[in-house]
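Fit chain B to the supplied structure of chain A, relying on the hints for placement.
Those sequence lines, one after another, are chains A and B.
For the first sequence, position 63 matches number 63 in the working numbering, and the numbering has no gaps at all.
For the second sequence, position 136 matches number 619 in the working numbering, and the numbering has no gaps at all.
Calculated pairs, DSSO-like style, for lysine-lysine (alpha carbon to alpha carbon, straight line, at most 27 Å):
{"no.": "1", "chain 1": "B", "residue 1": "Lys532", "chain 2": "A", "residue 2": "Lys54"}
{"no.": "2", "chain 1": "B", "residue 1": "Lys625", "chain 2": "A", "residue 2": "Lys216"}
{"no.": "3", "chain 1": "B", "residue 1": "Lys542", "chain 2": "A", "residue 2": "Lys317"}
{"no.": "4", "chain 1": "A", "residue 1": "Lys459", "chain 2": "A", "residue 2": "Lys237"}
{"no.": "5", "chain 1": "A", "residue 1": "Lys54", "chain 2": "A", "residue 2": "Lys8"}
{"no.": "6", "chain 1": "A", "residue 1": "Lys369", "chain 2": "A", "residue 2": "Lys336"}
{"no.": "7", "chain 1": "B", "residue 1": "Lys625", "chain 2": "A", "residue 2": "Lys336"}
{"no.": "8", "chain 1": "A", "residue 1": "Lys216", "chain 2": "B", "residue 2": "Lys602"}
{"no.": "9", "chain 1": "B", "residue 1": "Lys624", "chain 2": "A", "residue 2": "Lys216"}
{"no.": "10", "chain 1": "A", "residue 1": "Lys455", "chain 2": "A", "residue 2": "Lys249"}
{"no.": "11", "chain 1": "A", "residue 1": "Lys459", "chain 2": "A", "residue 2": "Lys434"}
{"no.": "12", "chain 1": "B", "residue 1": "Lys623", "chain 2": "A", "residue 2": "Lys180"}
{"no.": "13", "chain 1": "A", "residue 1": "Lys317", "chain 2": "A", "residue 2": "Lys304"}
{"no.": "14", "chain 1": "A", "residue 1": "Lys54", "chain 2": "A", "residue 2": "Lys317"}
{"no.": "15", "chain 1": "A", "residue 1": "Lys54", "chain 2": "B", "residue 2": "Lys542"}
{"no.": "16", "chain 1": "A", "residue 1": "Lys237", "chain 2": "A", "residue 2": "Lys54"}
{"no.": "17", "chain 1": "A", "residue 1": "Lys304", "chain 2": "A", "residue 2": "Lys452"}
{"no.": "18", "chain 1": "B", "residue 1": "Lys625", "chain 2": "B", "residue 2": "Lys567"}
{"no.": "19", "chain 1": "A", "residue 1": "Lys369", "chain 2": "B", "residue 2": "Lys542"}
{"no.": "20", "chain 1": "B", "residue 1": "Lys567", "chain 2": "A", "residue 2": "Lys336"}
{"no.": "21", "chain 1": "B", "residue 1": "Lys625", "chain 2": "A", "residue 2": "Lys180"}
{"no.": "22", "chain 1": "B", "residue 1": "Lys617", "chain 2": "A", "residue 2": "Lys216"}
{"no.": "23", "chain 1": "A", "residue 1": "Lys452", "chain 2": "A", "residue 2": "Lys317"}
{"no.": "24", "chain 1": "A", "residue 1": "Lys427", "chain 2": "A", "residue 2": "Lys443"}
{"no.": "25", "chain 1": "A", "residue 1": "Lys369", "chain 2": "B", "residue 2": "Lys567"}
{"no.": "26", "chain 1": "B", "residue 1": "Lys624", "chain 2": "A", "residue 2": "Lys180"}
{"no.": "27", "chain 1": "B", "residue 1": "Lys567", "chain 2": "B", "residue 2": "Lys602"}
{"no.": "28", "chain 1": "B", "residue 1": "Lys567", "chain 2": "A", "residue 2": "Lys54"}
{"no.": "29", "chain 1": "B", "residue 1": "Lys623", "chain 2": "A", "residue 2": "Lys216"}
{"no.": "30", "chain 1": "B", "residue 1": "Lys602", "chain 2": "B", "residue 2": "Lys623"}
{"no.": "31", "chain 1": "A", "residue 1": "Lys434", "chain 2": "A", "residue 2": "Lys417"}
{"no.": "32", "chain 1": "A", "residue 1": "Lys443", "chain 2": "A", "residue 2": "Lys237"}
{"no.": "33", "chain 1": "A", "residue 1": "Lys216", "chain 2": "B", "residue 2": "Lys621"}
Honestly, the hints are just simulated from the structure, not real lab data.
Quick caveat, the model's predicted, so the values are computed rather than measured.
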Amino acid sequence: GKKSASAKVSDSISTQYPVVDHEFDAVVVGAGGAGLRAAFGLSEAGFNTACVTKLFPTRSHTVAAQGGINAALGNMEDDNWRWHFYDTVKGTGDGTAMVTRAGLPCQDLEFVQFHPTGIYGAGCLITEGCRGEGGILINSQGERFMERYAPVAKDLASRDVVSRSMTIEIREGRGCGPEKDHVYLQLHHLPPQQLATRLPGISETAMIFAGVDVTKEPIPVLPTVHYNMGGIPTNYKGQVITHVNGEDKVVPGLYACGEAASASVHGANRLGANSLLDLVVFGRACALTIAETCKPGEPVPSIKPNAGEESVANLDKLRFADGTIRTSEVRLNMQKTMQSHAAVFRTGSILQEGCEILSQIYRDLAHLKTFDRGIVWNTDLVETLELQNLMLCALQTIYGAEARKESRGAHAREDYKVRIDEFDYSKPLQGQQKRPFEEHWRKHTLSYVDVKSGKVTLKYRPVIDRTLNEEDCSTVPPAIRSY
Amino acid sequence: MAMSRLYSLSPCTLCRPVLAVLRMPRGYSGASLGDSGKDMLEIPLPPWKERPNEPLPTKRARLLYESRKRGMLENCILLSLFAKENLSRMDERQLNLYDRLINEPSNDWDIYYWATEAKPTPAVFDNEVMAMLKELAKNKKKEQRLRQPDLEYLFESTN
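In isolation and in its complexed conformation, chain A is listed as follows:
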């Protein structure tokens, strides 16, 4: 492509890799829904904007396309999980890792929402409409186990209950398959015509990814990561914040929006239809805040001449990595550990064990082996860089979960089943002694990782309770959630 007028070859880093410096008013990293929205808003406001992305932006994330709902399945839950799920699992890892490497905190990464029926392994989600249409979950003994966990609702129990039940069945040895690590979703007792008309797309998905003919065999399923409520902490304007001496502090010039961010409208558990908030509102909010605080063409502050040197060195190291463990192997170990130790079923001893195992896997990163030594379109290299990022996120997720000794929203622990707030909100407040900040859990987790050692540090930050303007919208006090 053309070099812009402000592009200069830099010789301050390494002479091995040609480095070109470009100057922009604004750089947007990531071209998901929110990123593109921000980039476009900035460009419209006159800022010379660059959008840097690993993949060509497609509109699979877009709310607006095709009336708002895209699905491989005709039957679609209201919450449009598809827009988030994939980012969370594969893409969202880069943004949070960049922030971690900069020594800044990530927030609430332990709050992970699970969908009960993802296809085992592949992870493609099967709509809950299946169960609504009469599909049932079966263990290795052919038992419809939901009858035990929810005698009335059975397979139509809430998502949390179903995910938990499935996990307990597997933990207690009644899982299916050679590794007994999933359960079955059975549909073949339903009339084929009903399957075709009420659940179109299931048959295709099940065949393409599980090799299963749903009119004859059950689908192997497992609770699957659905969404991560956490991310890069921001204020309501999209500005990234850190927390120093008990106070929120804006990181000047850095903004975050979309999946990667945690402005924390979702708290501990995201409600279905709030997906729009992340994509559109905060993407736009970032652009507006920048337009308020900066002017196009303002001089760019100087950075040290060898800025980025570490990144180039890391890239070079991975490109020629000749250790003992393949990228794919480390990645699989990480995924399996997260699945078995930090998924739906969380309890102290298992979380602690998971922390140790994951820290060991982090040390394995020093012994990586890559194959592709090339410099152009090197997928092996990019996927290895991604693995480094995913590991940083996974560490923060599992250590945060281990430390949080309560249950709150999506973080549900077998050994600490209740929410621990500063007051017991299930009773009248009068006469109650307020617990000090260190002794309750109604607070955000802030996690840091020392990249060299893999050591995780956890701090906490208060939840913002008050609305911006009591006249526009009064503050809603905390209350115990009941179904």
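For chain B alone, coordinates are given in the frame of chain A:
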């Protein structure tokens, strides 16, 4: 403000959205000046272009990357499998057809619908490569496709 170092070896896209001729009326109240409040659909993306002078090994490497990096899980697995099975034996003409198929549609879901025949394939994409993709989607051998294939197969012959 930001200064960005762009390393010439990383696959990245510089996208400078054109201040488009099509200005939509502002839908939001309180929008700042210059913010059109457009939703995503109107944001113009750089159009797909064929690359006639690209060396074949580079084209295969690029298409492999683009097959593995999608906006949704289903296509990620499906196209990775397609890449593993077919890229090394496709000729230049077929590679260009595949290039257009996976890079021109602006909605990743459309490719999935066409491959699974949930929607008819538009004429411009309805060619032998699409037929190969449809065949793969049928999974006639009823394999379990648990995840994206690892990349080792690319290097097996050189080990």
